[in-house]
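Take the given structure of chain A and dock chain B to it, following the hints.
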Amino acid sequence: MENILKLVTENQQMIYIVILMVFLGIEVIGRVPSVLHTPLMSGANAIHGVVIIGAIIVMGKASTDNYLALVLGFLAVVLGTLNVVGGFVVTDRMLEMFKKKK
Amino acid sequence: MQLDILTIAYIIGSVTFILGLKMLSNPLAARKGNLIAAGGMTIAIFATIFLYQTEDGQGLHNYAWIFSGLIIGSIIGTLAAKKVKMTAMPEMVSMFNGMGGACAALISAVEFDHVYREFRLDSNSFAAVVPFGHYFTISAGAIIGGVSFAGSMIAWGKLNGRVKDFTFNGQHIVNLLVFGFIVVVAGLTYWSNTSVTNIWFLITILTALVYGVMFVLPIGGADMPVVISLLNSFTGVAAACGGFLYNNKVMLTGGILVGAAGTLLTILMCKAMNRSLMNVLVGSFGTKHTASGGPAKQAGNHKEITVTDAAMLMSYAKKVFIVPGYGLAVAQAQHTCHELEKLLEEKGVEVKYAIHPVAGRMPGHMNVLLAEADVSYDKLLEMENANDEFKSTDVVLILGANDVVNPAAKNDPSSPIYGMPILEVEQAKTVIVNKRSMKPGYAGIENDLFYQPKTSMLFGDAKAALQKLIAEIKNV
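Quick mapping for you: the protein sequence lines, in order, are chains A and B.
Be aware that the first sequence starts at 1, since it is given in our numbering, and climbs by one per residue.
Be aware that the second sequence starts at 1001, since it is given in our numbering, and climbs by one per residue.
The shape of chain B in the complex, shown without the other chains:
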């Protein structure tokens, strides 16, 4: 009876996860989908606490520990999630993902401790006491969870600038060797049959952590969303290992669902940048290519525009497109941007936003940011639609975006971003680029757009520049 209710709770949980993910794909149902999944999760958690029985029919105990853990986690989690700024969202997701990975690794560690004790009691061979399948899931959960945890922490540090890119020659070979080492040690743990098997296991976990760090370190900050998405699916798989361990279908369903979906999402993100996952992970970006690809040919000929002129241009335009990028996020200028949009609309100018799929630090980053500032959903155009409209656009205002508007992606086969779909802003009549300086963007490549005759530069922090623009437009 008790177990039947638990099973039903788990079925409900699994269904809500699937439904939740599905509803998350529709803007109108997304919020409900998230709540439904959260509801299913709550049911599954409490059903586990009160109804779970071990093989010998024992219920769970240590309720004080369980509940204090739940309460502490909930309080910290809620506070962190409520307080985080919209710009720091990708970091937050990475952080929470790392926590999940660590949780999976810890579960494996405790389970290993459990089988290790049995083995010491029996003092038979380890392989005889522990079935291979059981050991395999324990160690896979530990390794994948560990890599996911360490990798997510590095990704978190990179996004908030605490960790710098770090590369050295032959790094990928070293990484491969480290990975091979993990597999060997994990194998030795099972088959070496010494009394120090637990030390071997500890080395497995520690090396997995090292591997996680080394795996993410060389990858450029601009590629972090892809990495976070990949690590997200890793954690999913690690959770599924737990499902195998306890023959727990809801963990298996949730974990694999996220593992599969996360992998696809990762591939979709790479596709948006027209790169393969391999290319991202081996990461040639911004290191080797900076010097090649003829960046200097037009350098030095950019022209600046004064705020007054820019204000003039925009107030008398018929149609203005705003192209937001990471610069907007950094400057927290989304509200000011919305203000500018409203002001221009009052003057009869049509204002729209062109959103590149990988603008910012995460796909959809710009949408979230602009939604925070109450920008209407139907003003945000996806790349294809925006590209159709640039021809009839008078002014394109680029706010801290760079690589996503770089024409080299179309014209220069030697460019590292060649082939990435871009926003074809150069089809508009005038282009105003707001940037802090002439420094290249995250990919580390020069942008010819800035040197074209129809382009003018408006230097400065996005928020400050927008505020000045607004003041000037009010005067026009």
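So that you can see chain A by itself, here it is in the shape it has in the complex:
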């Protein structure tokens, strides 16, 4: 119990960020017209691709003789990049079509 309470204090910055981001996320999306739901979902999908940063850190820290970490880390970098690049390109493609006419 004490340990868990201590965790809260130790991570209070992070916890504050979480709380603020939860409200911000809801606030930002709350005003989206339904027409933009698909691009929005896709854009949000690309943004959580920020997980790639974790993959890069894992990869960059792995010692050169730890093949398990190297292989898993490499896979993580590839998949994370797919998520980021694919996500943004798909979203851009959708939005490009919205813009053409007017």
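Nothing false has been slipped in among the hints.
Simulated coverage check for chain A against chain B, where a stretch passes if three residues somewhere in it have a Cβ under 8 Å from a Cβ of chain B: (1) 20-28; (2) 56-63.
Facing chain A, a subset of chain B residues (Cβ under 10 Å, in silico): (3) 1066; (4) 1233; (5) 1240.
Simulated restraints, written as ranges between beta carbons of each label pair: (6) 6(A) <-> 1122(B): 20 to 30 Å; (7) 23(A) <-> 1178(B): 28 to 38 Å; (8) 1088(B) <-> 33(A): 19 to 29 Å; (9) 1068(B) <-> 23(A): 35 to 45 Å; (10) 67(A) <-> 1053(B): 21 to 31 Å; (11) 1011(B) <-> 1(A): 29 to 39 Å.
For the record, the hints were derived by calculation from the structure and aren't laboratory data.
All residues carry an ideal CB built from backbone N, CA and C; glycine is no exception.
Only chain B this time, still in chain A's reference frame:
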């Protein structure tokens, strides 16, 4: 100095994510918003590669691996995203989402391997070597990422027809048991303190994958958008776990932002169908209700219309509404549809589109599809506005939509879709329904609209039917 620049890069990244999401909510700024977020992401990625330092002040190495991974991922990602057809967009999003989930799970796996090695060296108790908070984020990232990956793959397979719905009695109880099992194994990994802790962890991940599959399998294909949106927010949370792991604020910001926004989007989608998230996940749709709710009472009395008559009706109408649905997407008929619209407008007919929020396989699916065919943005009416205009409409042409125009949602309390807001097309003077057959729609329920006196059926593939219509209208 180096770390300060990294911090600034991360702050820029976080701000662009928030700005990007905000701008995505405005049709005119959306594209820019997406590019801004992408720019912020690029800055954050390269800052990490070159400026990141571990606790003991070491920079990152293995650049060859990192860059080849980035290049391979970028090439495949760009090609896949550029090549995908507009109709297959939801699948693509699901696929990319799954990749993100897998990435989060892999990161957790490597981090676990890391702490496991420390524990083996120390051979103390696992709990003494690894702080609980650290283990908790590792295992949460692994479980959530794994569920998201497996679930997204199933959702992807369902949307492109490779995976069929699969249900059995007591499935939800089995799923709950599987979930409980994951929690128990994850706990055992931490506290059991054996030398095979790594096997326990492996079992945790594998069960998470199984759970992801079982979680999505029973949910009907029509509900996949909701599921994808939910899994999208899962991946967001999994990414945020990585943020906790490395005390990395940009991962935390991005992940939680998407987690929160994705959850809200999921709830908004459910609301549009007037169902609770619970109801979607427990998914009674199309299985139990098919037989109930008095579907057969009017069956058999639909009437067909010939292409010539339909062409005649439409060319002499004042106002025509087109209601697109998944049938239009499947037939890739959006361009033909736009052609029909232009042709009718030349004849002085007012043509508009009525877009139901959940038409197609994803909210906004129809908008994207019609935008691809250059249909003007202001011709697309959202449900409420369209419902106000149906009274003054002469012809409503329904292209492969079904459940979103089913009056049972308004009149029949026993119907599973009762209470879902629908497009009230029956207020128009005539309704022409284009469908491939009399088969019920995705929700598996009969549609009384098809048997009403003012409704006539125009059977056939949407594209073929539209082409014939166009040819006939040119002759009128």
